[in-house]
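One letter stands for each residue in the lines below.
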Amino acid sequence: MSDRAVMQMIADLVPAGSRVLDLGCGTGELLAHLQATKGCTGYGVELDDSNVLACAQRGVNVIQLNLEEGLAIFEDQSFDVVLQLETLQNLRNTEAMLRETARVGRMGIVSFPNFAHWPNRLQVLTGRMPVTRVLPYQWYDTPNIRVGTYADFEVLARKCGLRVLDSFGVQAGRAVRTLPNLRASMAVFKFDRQ
Amino acid sequence: MGSVGDVTPQRLLFDQPLPLRSGASIGDYELMVETYGELNRDRSNAVLVCHALNASHHVAGTYAGVDKSEGWWDNLVGPGKPLDTDKFFVIGVNNLGSCFGSTGPMHINPATGRVYGADFPVVTVHDWVDAQARVLDRFGIQQLAAVLGGSLGGMQALDWSLRYPQRMRHCVAVATAPNLSAQNIAFNEVARRAIITDPEFHDGFFYEHGVVPRRGLRVARMIGHITYLSDDVMEQKFGRQMRSAELGYSTHDIEFQIESYLRYQGDKFSEYFDANTYLLITRALDYFDPARAHGGDLSRTFASALCKFLVVSFTTDWRFSPARSREIVKALLDNRRDVSYAEIDAPHGHDAFLLDDPRYHGVLKAYFERIAAEFNGGQA
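As given, the protein sequences belong to chains A and B, one line each in that order. In this text, residue positions in the first sequence follow the numbering used here: the first is 23, and each later residue adds one. In this text, residue positions in the second sequence follow the numbering used here: the first is 635, and each later residue adds one.
Since the hints were derived computationally from the structure, they do not count as laboratory data. Be aware that one or more of the hints could be misleading.
[What the hints assert, rightly or not] Some chain B residues judged to face chain A by a derived CB distance under 8 Å, without partners named:
#	residue
1	M868
2	R960
3	D968
4	E977
5	V997
The beta-carbon is built from N, C-alpha and C at its ideal position, and this holds for glycine as well.
Hey, can you work out the whole structure from these sequences and the hints?
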């Protein structure tokens, strides 16, 4: 699986010239890519010191905040796109975070590990929690405190009043649009507020 | 990483009166200035460093033959350091009213022929920024690469971005606030009362009596010092350590090490700092409130800023807390300004901005390297 391919897949979902907020932006790689190739502007949000430093080195705007404390610093609908890539599963209050994402951005894009990917299902059938490339942690020391499935997210999105504009799975760097809940290790959703 | 080595301050004379916010003006004044590094050909690599309460133009380097004469931000400014003097031309200015050589209350008032004392006009952050802009004029610098400051110096950096938005490309504001809270003003007021009620203050004209209100200065410094440290770091450094194993059952003598430390800091301070300067500078802190002219709306206040910002705070700084820095960040976000914000998890309280925490210095170094890359591109 190619991380670059996945990054490009996500970047393709972001309209050119967008004002972007990237929640859990890591080293700022995607933001830098969006700025360089699509004329986007915006900010990353990170908690980790070394990631904040990496963003500063890259010249990407970064705001050091704990997402668990909410997004009060950002005004309603102040961004064209809010990205939340492989971050949602690390946050306690997934639902509140999702609502905040939809409040701050006109459009949201989230990705997260799909717990219902078939190898995970098999491992659970053998009686053990899955340990895979996408979910590489043992159950007792995983940062993924909210593991959900592609199908689960559809339900949560409906509950939060979100309209899914596009969604697909990602497996081995390729989009999976047929049976993504079974065939993809990662889920991607693009949505707005109804 | 090296030092800028031995440095020599310059004394700049200004005969054009400087109009002050209070309505008064100050004529024939002098400012002490130090510079480090070389101004490049297109004069685009200058960084102004603004000082806080008890610092000065002596930001970095040493004075030849003087022991322990390192500048107050020597760990940050120098060749290979986060603010790299191999790349930047760094300017330190001692503010008006201070007591390190620039015109201040201890000097002769040309209008009366008498020492200014309490007659020295009240100066604001705004006035200092105006005076600093004239220093740039003197150096022929139209636009600064950056203005950098911590604490009260950070307030000056912020004010710069509002007062002279065209004259700077970056603002680096460390451990600062958009204004002082009531608690903060309260601490300043206690310090001022300690000085003013010292019998040797003589209503600010103690110079003529050949005395110094040392007791007041000591207490002012002691209370200040408590607020610059975090509870944790004080506990860790001193805890309940005693001077001796036996209790002395004295209310006057030093029993606890923390008392000894505070008295030492107070004594040291009272030997070099001017009482009127302390009053003036704490008042400048109290008055700083750029949003006041915009109905308290900080977002509207920053609408006029044009530069890019780096805001830094420290988690254990309760005098200029992260929450206050986040207010600044929010105002900048609301105005779609380029801003980065680092909240450094350092244990040292407000003092952290003067220390060399690697995370803090790492972010500053990275940010200044990006600034340098901008003008290096244009220079080649």
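We went through each hint and held it up to the structure:
no.	hint	verdict
1	M868	24 Å, violated
2	R960	6 Å, holds
3	D968	6 Å, holds
4	E977	5 Å, holds
5	V997	5 Å, holds
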